[in-house]
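Q: Go ahead and model the full structure; you've got the sequences and the hints to work with.
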Amino acid sequence: MAQSVVINGVTYSDVPEVDIPLSGGGTAKFMDTSDADAVAGDMLKDKTAYVDGSKITGSIESLGATTYTPGTSDQTIAAGKYLSGAQTISGSQYLVPSNIKSGVTIFGVQGTLALPSISQDGTTKILSIA
0 MAQSVVINGV
10 TYSDVPEVDI
20 PLSGGGTAKF
30 MDTSDADAVA
40 GDMLKDKTAY
50 VDGSKITGSI
60 ESLGATTYTP
70 GTSDQTIAAG
80 KYLSGAQTIS
90 GSQYLVPSNI
100 KSGVTIFGVQ
110 GTLALPSISQ
120 DGTTKILSIA
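With numbering that gives the first Met the number 0 applied, the sequence shown has no gaps in its numbers, which climb one by one up to 129 at the end.
Restricting the straight-line Cα-Cα distance to at most 30 angstroms, the calculated cross-link-like pairs of lysine-lysine (BS3-like) are: (1) K28 with K44; (2) K46 with K80; (3) K28 with K46; (4) K80 with K54; (5) K54 with K28; (6) K80 with K44; (7) K54 with K44.
I should point out that these hints are in silico values taken from the structure, not numbers from a laboratory.
Since the model is a prediction, treat every value here as computed from it, not as a measurement.
A: Shown next, in the form of structure tokens:
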């Protein structure tokens, strides 16, 4: 939001910022930040910014490149993480219907493998397939 600035008795309206030369070189910059609304949880960890005249430091953790291999339990990327590298979910060329027992679904793949059985003396035995 621009402000009115008075310099040597002269009013300048709608000034968005003022740069004042410094004796050692460079400039000092003054600007209205009252309309800024960022909070620490909006910025990456250890990054800083000024909001309404106050310095804030970011708190969002960064998660670098990671590979996830499916297993027997869920793996979760916690909320509030910044993904700064490629996140890879491992696949397998063996995750096909013909390698999964019929009636079983693994990661959305419905099995079609029918296991052979042999009947002896009124019992059914399943042969293992190597």
